[in-house]
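Colleague: Sequence:
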Amino acid sequence: MQFLRLKRSVVIGAIVALLISGLAGLSFAQMTQTCESCGMMVAADCQAHLKVIDSNGTFHYVDCFKCALKILKNYGDLNITSTCDWNGPSRQITVYLKDKVNITLVNPAGAFYIDGTCTKNRIVYDQAAADALLANNGTSQYITSIQNVTIPVNATVMTIAQAATMYAFTSSPDPTPSPTPSPTPMTTPTAFPIHSASPIATPTITPLKTPTPTSASSQLLTQQCEACGMEVPADAQLKYVITDETGKNHYAECFMCALNLCKNNNQLNITTYCDWYGSNYVIAVQSSNFGKDVIVNPSAALFLNGGSCVINRVAYNQTAADMLQANSFSNNTLVEQRYALPLSTKVSTVELATVTFSQNKAILNPSAIPFTLIIGVVAGVAIIVLTVVAYYKFTKKS
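Residue numbering for the sequence shown follows the numbering used here, beginning at -3 and increasing consecutively.
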């Protein structure tokens, strides 16, 4: 009788172990993913907000609707399901796209796309939702965490079909539809908040002066980041000036991406400026041997890595780094990067960061497995093995 009770306990233990392993697997499935288009992190709220499935039933991960359109070329056809950025889950939007033949089927037909970068584009159920969203500076309670920023009141509004023609199809006929005018906001938007704190100390090293931008600076065309694929607007091109040994220009939309380019180029010169002190405090990086040999001026320059493109900073010295950690950004930080730095932000010298990135092939937006999850999986497997061994021993003994 006692043996039967013990045997029953062993079986129950095995079932519990299987449940633990199953929950661990479910937790792993809900982890942060990486956008297939731009390389940014796709958090759980983004995955719930935007579902992308190809004709084989495979799920794909993107951080915004524009990125969903851009990956069509990789799969031929896609089914995209989203919720309205103004009305939320009560208003669902479905889009079917087929490349080459340029098919776009949208339900509801009156859905609109508001153009912008990854953090600033929106998808809405109808014109009324577009009007309300723009009147509220592009924000609502249903906006995902990565898109919780204000957008311009004159942002371009277009139909989903027009957006597909612009970003999705690889061989599109000449577009003929007339653009939909941008809705007039109902209220005056609030200006984007800017930290106005001033540095509390002057660096001991006299910084180099940055050259005065030419009049052509305002006419720079938007480029594509060579590291993550995101857009590099004019302000980012002026902040991160990158050239190789032949004098060819390279483009990166943040300092982390700039450092990541070193591993793909034998020689690279990066010139930028401190995110706290501003453009008079120049930071120069000379990389050779694909990022393995690095000279940084000033040598005390620090890199603050918050984990993604929009939450990393470069600081002229320790004082500037301390102020950035306390305030997250300053007036000298690019507008598209004015996000709060997480408490987990890692600080290292620029030299060490460059060398480290040259040794890692997938450094951007890592979807690292949480340590607790690893422990859970290992514990679950260990319990299964022990219970199976114990079961067979007791069976043999009986």
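Treat each hint with caution, since some may be false.
[Unchecked claim] No more than 20 angstroms apart at the CA atoms, straight line, and that leaves these computed lysine to aspartate or glutamate pairs for DMTMM-like:
#	residue 1	residue 2
1	Lys69	Glu32
2	Lys69	Asp50
3	Lys116	Glu332
4	Lys244	Glu222
5	Lys259	Glu347
Hints in this document: simulated from the structure, not taken from any laboratory.
Colleague: Are there hints from earlier that the structure breaks, and if so, what are their numbers?
Modeller: The structure breaks none of the hints.
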